[in-house]
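A.B. asks: Sequence:
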Amino acid sequence: MHSTSDSASVYPAHWEADVVLRDGGTARIRPIAPDDAERLVSFYEQVSDESKYYRFFAPYPRLSDRDVHRFTHHDYVDRVGLAATVGGEFIATVRYDRIDERGRPAKEPGADQAEVAFLVQDAHQGRGVASALLEHIAAVARERGIRRFAAEVLPANTKMIKVFTDAGYTQQRTFEDGVVRLEFDLEPTEQSMAVMRGREQRAEARSVQRLLAPGSVAVVGTGRAPGGVGRSVLRNLRDSGFTGRVYAVNHAFPEGGTRLDPEGVPGHRSVAEIPEPVDLAVLAVPAAQVPGVVRDCGEHGVRGLVILSSGYAESGPEGRERQRALLRQARSYGMRLIGPNAFGLINTAPEVRLNASLAPQMPGAGRIGLFTQSGAIGIALLSGLHRRGPGDGSIAGISTFLSAGNRADLSGNDLLQYWYDDPATDVAILYLESIGDPRKFMRLARRTSAVKPVVVAKGARHTGTAPLGHTVPTVRIPDSTVSALMRQAGVIRVDTVTEMADAGLLLASQPLPGGPRVAILGNSEALALLTYDACLTEGLRPLRPHVLDPAATPADFCTALSAALANGLCDAVVVTAIPWVGEEGVASPGEGADLAAALREATASAVPAKPVTVVHLAMDALADALAAPPPAAAPTVPAEAQQPPSGTPDGPPPAPLIPVYPAAERAVRSLAQAVRYAKWRRDSADPGRVPEYEDIEETAAGEDIDRLLDELARHADITRSVPLPADDAHALLARYGIRVRPAHPAPDPDTAVRAAARLGYPVALKTTAPHLRHRPDLGGVRLDLPGEAELRRAYAELTDFLGKPAELRPVVQSMVPRGVDTVIRAAIDPAAGAVLSFGLAGAPSQLLGDTAHRLIPATDRDVAEQIRSIRTAPLLFGWRGSQPVDTAALEDLLLRVSRLVDDHPEVVGVDLEPVVVAPHGLAVLDATVRLARPPATTDLGPRRMPAY
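In the numbering used here, the protein residues as written are -12 to 935.
No wet-lab data here; the hints were simulated from the structure. Small disclaimer: the values here were computed from a predicted structure and weren't measured. Relax, there's no trap hidden among the hints.
Pairwise CB distance ranges (calculated):
hint, residue 1, residue 2, range
1, ASP673, THR145, 38 to 48 Å
2, PHE44, SER302, 55 to 65 Å
3, ASP673, ARG168, 39 to 49 Å
4, GLY202, ASP520, 48 to 58 Å
5, GLU139, HIS60, 22 to 32 Å
6, THR483, ALA672, 30 to 40 Å
7, THR915, GLU512, 53 to 63 Å
8, HIS907, ARG745, 18 to 28 Å
Quick list of in silico lysine-lysine cross-link-like pairs, DSBU-like style, CA-CA up to 30 Å:
hint, residue 1, residue 2
9, LYS666, LYS439
10, LYS149, LYS39
11, LYS94, LYS39
12, LYS146, LYS39
13, LYS445, LYS666
Glycine included, each C-beta is placed from N, C-alpha and C at the ideal position.
Model the full structure from these sequences, guided by the hints.
C.D. replies: Below you can see the structure in the form of structure tokens.
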């Protein structure tokens, strides 16, 4: 039998996970333990006879004591059982038993196949429970050395056959003796990962949709008299025109219920007393009362909670524990949770009209989705957007809004899943103070950015800690690296709330620009020149400004804008406008509305469509006119004879919305962000490839790593990164075609001379002491030593000026062709994942931070862009007449480092410094490799909700 040591038989708590199911509800998956006997019996009694027959291939009305013992006692190696639970009770189970090649219980080491079987309670079939259990039991099996599952299923059990066949694993199917036998490999495939992530997206999007479109809402903590948080939320719900049912809950209400006026809402003493189902509960009660309310909600079947109450993680250690208990309690009932310390959520869809928040005014309906972790930022964004475009259909309208507070459960990742295919949202805007799962965030952001813009502002960038209330994994990489990775994922990173709104308005209302060429027109030369300079600052290519007469009329603007949009050399237009004075010396009273109509007319007729922005000075009427929904044309025929409405194939296009800015810099910055995003969209259509190398020895490298970790474990904690000895590091790198130039230790001058004789002159002499390493400015390196005399002289100078040989640790190395010194690093951040970094060695990367970063695995296109993205890149391409270096060899080296780290998660750090890139070829002069046991789960593991 396989080893079942005490350490292996210990309850594996790291297998526990909360998952979102297909219908948006949640369940907890955990190992089955001996004390689950009663739960198992109760679960089995609620399974139909048909499902029992499908499981055991015969009538099996009840479990015997022997069955119960067998199904609850596992060694967690050869026999493993998992259960999905809701409210602490089993709703489904899965187990595997390791078998030999004949299908019998394995008795010899080396068996890597197991038989797997499921049983799902009939009431929970169709919720995706079995699919989630399969993902988790497969991950457990891989961890325990099982590489293949076998399952026997009756042909009539089509649901279970579909669970297996839809999983995406490589599989074989046979039919014998009236039974379908399925066998499949457990190694994740591209198809299985796509299936898993597709299910994850649909489930998490559905869980958000259930919160945003409830059929009924109960506000718990509604005061009997006007005033207070609960009563404010109740009033906001009614004033927004919510289309569902609303209930007020307060334990002080009279028995038998009441009716709150003037809202006209029925009131009850508890959620349990509400005679109808409740989809969403908003809690505005003290933290001490929240657990009882959550229990009532869970037992009543409430689907989601909005916790406005404070007194949780933001208040200190006791509050943090209170928050964890709240999350555990909510998830135990299968409920999603917004908050605690939340501001609320809004959905402007006409069929919902939900304002379950503290925002006193319902925002106008539009195309922008908003997520904030801060209530204050949420208020500022909603207020700012309302000022720039009030009313439904305005340029600043939103589709959905959610402010998550302490973000114990629902996060920005969930909203990205929802917005990804939400037809009502064209732009996703997120204000984040912490990222609970950065690796998943980058993955989701990249996928969402491929179909719609994602704009992110991040607070707490420089403190190194998350705000109070946010219990998240520590990200060790600097914010500049996070920003670079966001750019790689297509995220539009902004610094301020104002920039969030500026970018959102343009992206929600304008087509993406086809390039960086910008036409500028307007009736002020000074304002046009300011716009021209701003374009150059942002890296755009402005055309010569077209300056109209200061007294230009709206018709003149319309003509000029039409000509600019028709110009094939223009990708976008910035219109600048200042007030003009009429013949009587006063401003024309209708100038704002007239000019807005003229600009809309010109924009609507442009083919192809191009983005247009407006910069104005002291023309508030123009800003108001362009921000409002375009006026509908008055019908000139009876309603029954009218043509199809605007926007249909047979009707005229809708009048365009045009963003307006009070400063040229703000308009141009937003336009530049759109230009860069549009380029990323075009480039992402061909993301490149991760090349295959015939000279990479992946299997041999894996064996080396296992051996080295075993050796390191004897004297080091390999759960933390441990550096390899130089020879072992160089040998491992060589497995991936990365050759490190040998450096021979030189503890004395004679040894240095002998080493140089073996290598051949000229040679280099350098120190490797930690305080002098990679610091040529401190004089620890002597190059191009042509002979023994020069070598001895250099050795004496080093030891005379810098210290004794034992302190300096000098080495002798052969000279390489001159070139540009660079540095390549790869590191695995526990939260952000594997990151590949590149820069020039020395001051450019260390002092100026001129380093480019890419997520691993990097494609050939990624590394080509990476080396060209640093500010000092011209030094690689022949700056000031110097000879260009071999960037193709540099790209190849970056790809090999990326492959090494991607293939072997035990490699948690690689440093190549310096890498001298010559006109032909390159040389790696020094290298460090660090190993560690990889974590039990990664982003490639089964889907699970974050556990804080």
